[in-house]
Amino acid sequence: MFKRTALAAGLLAACAFHAQAATELTVYTALEVEQLTAYKAAFEKQNPDIEIKWVRDSTGIVTAKLLAEKERPQADVVWGLAGSSLAILKQQGMLEAYAPANLDKIGSNYRDAANPPSWVGMDVWAATICFNTVEAEKQGLPKPTKWEDLTNPVYKDKIVMPNPASSGTGYLDVSAWLQTFGQAQGWAYMDKLHANIGQYTHSGSKPCKLAAAGEFPIGISFEYPAVQLKRKGAPLDIVLPKEGLGWEIEATGIIKGTAHLAAAKKLADFSASREAMDLYKANFAVLAQPGIAERFQELPADYEQRLIKNDFNWASENRDQILAEWRKRYDGKSEPLPQ
Amino acid sequence: MALSHSVNMQVRNIHKGFGAFKALDGVSLDIAAGELVCLLGPSGCGKTTLLRCIAGLERQDSGSIVIGARDVSELPPQARDYGILFQSYALFPNLTVEQNIGYGLHGDGRATIKARVAEMLELVGLLGSEKKYPGQLSGGQQQRVALARALAPAPSLLLLDEPMSALDARVREHLCGELRELQKRLGITTLMVTHNQDEAMLMADRIAVINHGRVEQYASPQEIYRSPASPFVAEFVGQGNWLPFERSTDGHAQVGDISLRLPTLLSGDARGRLFCRPESVVVNPSVHEDNLFSAQMREMTFLGNRCRLRFELDALPGHSLLAELAPEAMPRLNGADIWVALPPRSLQVFA
Amino acid sequence: MNIAAAPYRRQAPADLADRLFVRGGQWLLLLLLMLTVLLPLLAMLWRGFAGDASQGGGLTAAATLYSSANFRWLLGNSLKVSLTVALIVVPLAYAFAYALQRTCIVAKPLWRGISLLPLLAPSMLPGIALIYLFGNQGVLRGLIADNIYGFWGIVIGQAIYTFPHALMVLLSALALADARLFDAASSMGASPWRAFRSITWSGSRQGVFAALCLVFTLCITDFGVPVVVGGDYQVLALEAYKAVVGQQQFGRGALIGLVLLLPALLSFSVDLWLRRRQRDAMSGRAQVYHPQPSLNRDLAFLAITVLICLALLGVFGMAIYSSLVKFWPYNLSLALDHYAFSELPGGWLAYRNSLLLAVCSALFGSVVIFTGAYLIEKTRQTVLTQALRLLSFVPMAVPGLVFGLGYVFFFNQPHNPLNGLYGTLTLLVLCTIAHFFTTAQMTAAAALRQLDGEFEAAALSLKVPLVRHFLRVTVPICLPALLDIIRYLFVSAMTTVSAAIFLYSPDSVLAAVAVLNMDDAGNVGGAAAMSTLILLTSAGVSLLLAGLSHGLLRRSQAWRQPAPGH
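Residue numbers (the numbering used here), protein chains in the order written: chain A, 1 to 339; chain B, 1 to 351; chain C, 1 to 566.
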């Protein structure tokens with residue numbers, strides 16, 4: 001698709017060369033790479049005149065990119081980004097409210113509460129402990145079953161979790177603990193947990209990855225990488241702590257001012273449709289349309305019941321203050337602050 | 001030998017400063033067509049700055065430069081029509097001798113250029129070195145290539161910036177002569193910067209002695225040597241004896257206890273310095289001379305073609321003076337007691 | 001003989017063309033640097049000082065940030081790491097460069113090639129390798145007391161990452177020497193050590209300083225290595241990354257980015273001061289220096305060289321091995337599974353885009369940068385040249401992340417007439433050239449400064465237009481440096497992530513970004529595989545360029561051969 005000529009001018013022209021198709025929909029996403037091909041194919045089969053152009057990156061980068069481009073948005077649709085990120089976009093007035101077909105089938109806590117909603121959920125991912133059985137046996141570590149267990153001194157320096165200041169998953173954990181245990185006890189819990197943390201990572205899936213590779217025997221992460229890694233043969237036990245799991249919804253929204261509003265609406269419709277849910281269920285055990293998901297053999301049957309009652313508004317309003325407190329307490333643990 | 005394109009040059013009242021430092025402070029020079037002029041002076045005197053202003057590599061603050069009939073003061077270097085030989089020669093190391101010389105000969109046919117390059121190589125005596133690179137040549141050969149390169153486009157003016165300073169003494173003297181001979185043959189107006197008075201004496205039609213950004217004297221080498229216009233010139237060029245004096249009532253010069261007769265009676269300042277070249281001093285004269293005094297010989301140095309004598313006048317003990325004499329005058333010396341004459345016509349008065 | 005009147009009168013003055021070349025070129029370069037460096041940066045800083053407080057911007061936020069104990073602590077950490085790396089890397093790189101340029105060790109091209117490895121792959125790759133080597137499951141874990149994560153992890157990772165950068169500057173500082181100076185020294189009975197101090201050292205110490213500054217600034221602005229092996233050791237660049245990516249605090253990121261600019265500005269002033277004291281090392285009369293064999297010296301330098309190369313080979317060998325392992329560390333059987341990129345969306349598009357980006361950046365970048373350096377170094381010094389000099393130091397100081405965001409803020413403005421470039425590969429080319437401007441410019445300037453200062457004056461006196469002189473003399477003499485710049489830009493474009501991550505669009509997705517995504521998704525094998533592919537591509541192109549350069553030098557650069565009889 002790129003022409004190359006020996007001439008410098010030809011090369012420059014080639015650099016700027018752009019392929020054109022019928023309707024190109026630029027879709028920003030933080031979905032895992034493996035999921036994209038199937039989702040795209042299914043949508044384009046239904047809408048042959050629309051072609052999806054993915055821009056995929058981690059949740060933090062995609063959110064930062066969307067906000068940075070606020071003055072002149074490049075995306076038409078966001079398909080597969082954390083609900084909390086979409087909430088920020090909504091606050092910034094960047095989303096086009098739209099009620100997709102099938103909205104009535106979406107669970108009420110899995111969509112933007114306003115009507116019409118600015119974003120509509122797809123599926124749910126929740127906090128998970130990845131526990132490496134091989135390393136645990138080598139190092140004589142008991143298997144934890146509760147969040148509380150992780151404060152056991154036997155786990156000193158054996159646990160990795162995402163840094164809430166750089167990862168949405170990390171913040172999800174912190175805000176869930178504060179909501180489940182209450183403010184005072186939540187911080188007291190994290191104080192004790194902090195003593196056992198070997199490292200805070202900058203990505204939410206990395207702790208599970210590190211656990212799967214045995215770098216650290218225990219990783220606080222979420223269930224998607226845990227399931228994927230286990231299927232690839234990692235010696236992992238997936239632990240869903242009894243006290244309840246913080247969770248986050250993956251959702252879809254239309255960017256305000258898109259030049260392809262009609263096509264964007266079709267994608268929003270598709271994202272909330274039964275066909276899409278059938279795709280999602282291969283990857284997630286809890287879906288925005290209740291009653292479709294199938295049980296994962298890696299996950300317990302009562303998985304959905306273990307999700308806490310998550311107050312997203314509270315979590316986003318108090319984010320700055322909670323992060324400031326967290327940073328004050330734990331950032332830079334390896335060195336004491338100077339006097 | 002055609003001299004038709006030889007041009008004269010006028011430099012008028014050039015000023016150039018670098019920050020607070022005045023490199024050139026009102027320099028004017030007239031150079032006749034075909035003349036070789038040396039800019040002579042100590043380092044930092046402004047001579048190189050003047051050359052670079054004429055070359056257009058520096059822009060003067062004020063003043064004008066006229067080459068031939070053209071006022072080039074504001075023109076860029078490319079439009080001034082000169083060739084230049086740098087101290088470093090600035091030969092392009094990646095080009096052969098042939099390519100270096102032909103570098104300024106663009107626009108002519110290939111064959112013409114080739115012929116011209118051959119002509120230039122023959123001129124500087126380097127035929128056969130066409131395909132060599134500068135790194136494969138000796139210092140003297142490199143200088144010739146640089147000269148051939150500068151002359152190849154037949155410029156109307158040749159500028160030489162300390163061309164000899166990178167060469168050893170023997171090669172230097174030889175090349176000075178050669179360069180001068182070549183310049184005369186071509187009749188090209190030439191300006192050369194040097195800090196070496198021997199080079200200047202050897203080559204120049206006229207010398208401009210420069211100090212502190214000013215021309216102290218601009219004259220032929222003979223005149224510069226015989227009648228220096230200022231104490232600086234007298235001191236910078238050649239050797240000399242200095243005698244501080246006071247004017248006596250009869251218009252003669254009173255130096256310590258002795259009185260010296262001068263070519264003319266003194267009328268100006270009440271005190272000053274007398275200057276005398278060592279070779280003007282007559283030792284043990286066979287006929288009577290004015291200003292004859294007894295003296296003590298302190299040291300004698302044999303210099304091959306002449307002898308240098310250090311002595312003190314009996315009337316001025318502790319004040320060393322120099323005399324130079326031909327070796328054949330040596331037999332006249334026997335013992336430390338000598339007579340010396342300081343002929344009045346050889347004495348020059350400075351304030 | 002009719003010499004003087006020969007009919008070789010000059011052509012019409014080439015003055016206009018030269019003025020166009022010099023002034024026009026300088027203004028064009030200024031415009032380019034304004035558009036691709038200064039304005040995006042200002043757009044970013046605007047967010048820092050005038051941006052809204054919800055994104056960590058504004059003057060109050062700045063005052064709070066800069067006066068906090070946490071900030072001072074982070075700054076201290078950054079300085080400690082960067083200084084340590086600089087003090088380790090520069091002496092090693094100097095010894096290495098010395099071995100290559102001034103001794104007679106065997107197999108020089110091999111060592112040179114190995115030393116370039118870190119440049120050829122995304123910085124993620126040595127990070128992955130270090131974890132496989134010294135992490136808790138690492139094969140060499142037993143050799144060290146604690147795991148690799150933390151201060152020493154960052155130091156080792158950044159040392160590997162910056163080594164070829166320092167080497168590049170030092171190689172060109174030691175490239176040209178005047179043999180006559182060494183002859184003079186040995187004829188005066190000076191010891192080799194004395195000759196080294198008075199000739200080699202005095203000729204190259206500006207390069208050493210430049211290398212120190214380069215390594216220091218690269219380290220202080222790098223977040224790639226701390227992200228992978230930093231553990232809990234906090235540094236400023238990472239703090240900026242966390243602010244932007246984790247919390248969308250653009251303002252805070254910009255304020256920290258501003259602090260990271262300072263070392264480069266400092267280097268600029270000292271470099272300027274040092275330059276005044278540096279004389280030309282290579283005049284028109286110089287003889288190219290060719291070292292004579294000396295057994296003890298050569299063996300000692302061979303040992304240093306081989307040790308450094310072994311360390312690099314170990315790290316990169318481990319990385320390539322990890323791309324072939326099925327499931328580290330529990331299934332060590334080897335397979336090419338991780339190389340099946342066609343299953344990824346976009347397939348090989350990312351790789352093809354990276355190739356195109358690299359070719360364009362290398363070709364345009366080298367022309368722009370080398371010509372620019374010539375116009376800065378070899379023309380009359382004016383306010384404009386000083387401004388250009390200062391501007392060309394800026395990109396090195398800007399963390400890639402800040403750079404990329406600045407591009408978004410500047411080029412994606414609704415009022416910017418250039419906003420059509422946004423999301424195109426053209427903008428990625430511009431961004432890549434601008435981001436890697438400094439090192440390439442320093443290489444070009446170092447090579448140019450070693451040329452006789454009178455070359456241009458000589459050309460002008462011969463009425464040769466400067467542009468022709470540039471092409472006929474300057475470029476051929478500096479050809480090795482120019483090829484170095486082309487290679488540097490190519491491999492940098494292949495491996496760059498941090499600035500590009502905000503700029504790619506679906507059509508211009510890049511291989512190195514794909515590496516980051518795969519690593520992020522837990523597909524370490526795939527990340528290692530794509531990195532290995534990038535590594536092999538860069539290595540292939542480097543070898544191609546080396547072959548080209550070798551051929552060119554042999555054919556057209558006979559003047560570099562020693563003179564017979566000298």
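One or more of the hints may lead you astray.
Said to hold, decoys possible - Derived lysine-lysine pairs resembling DSS-like cross-links, with alpha carbons at most 25 Å apart:
| id | chain 1 | residue 1 | chain 2 | residue 2 |
| --- | --- | --- | --- | --- |
| 1 | A | Lys-70 | A | Lys-90 |
| 2 | A | Lys-242 | A | Lys-281 |
| 3 | A | Lys-53 | A | Lys-40 |
| 4 | C | Lys-80 | A | Lys-328 |
| 5 | A | Lys-232 | C | Lys-326 |
| 6 | A | Lys-281 | A | Lys-232 |
| 7 | A | Lys-105 | A | Lys-232 |
| 8 | A | Lys-265 | A | Lys-45 |
| 9 | A | Lys-90 | A | Lys-242 |
| 10 | A | Lys-230 | C | Lys-326 |
| 11 | A | Lys-309 | A | Lys-45 |
| 12 | C | Lys-80 | A | Lys-138 |
In case anyone wonders, no lab produced these hints; they're calculated from the structure.
To see whether the hints hold, each was checked on the structure:
1. Lys-70/A to Lys-90/A: 12 Å, holds
2. Lys-242/A to Lys-281/A: 24 Å, holds
3. Lys-53/A to Lys-40/A: Roughly 9 Å separates the two Cα atoms, so the pair holds.
4. Lys-80/C to Lys-328/A: Holds - the C-alpha atoms of Lys-328/A and Lys-80/C are around 22 Å apart, at most 25 Å.
5. Lys-232/A to Lys-326/C: With Cα atoms ~9 Å apart, Lys-232/A and Lys-326/C stay inside 25 Å; holds.
6. Lys-281/A to Lys-232/A: 19 Å, holds
7. Lys-105/A to Lys-232/A: 34 Å, violated
8. Lys-265/A to Lys-45/A: Holds: Lys-265/A and Lys-45/A sit about 16 Å apart, inside 25 Å.
9. Lys-90/A to Lys-242/A: 33 Å, violated
10. Lys-230/A to Lys-326/C: Roughly 14 Å between the alpha carbons, so the hint for Lys-230/A and Lys-326/C holds.
11. Lys-309/A to Lys-45/A: At roughly 37 Å apart (the allowed maximum being 25 Å), Lys-45/A and Lys-309/A break the hint.
12. Lys-80/C to Lys-138/A: 37 Å, violated
Of the numbered hints stated above, those contradicted by the structure are hints 7, 9, 11, 12, listed in ascending order.
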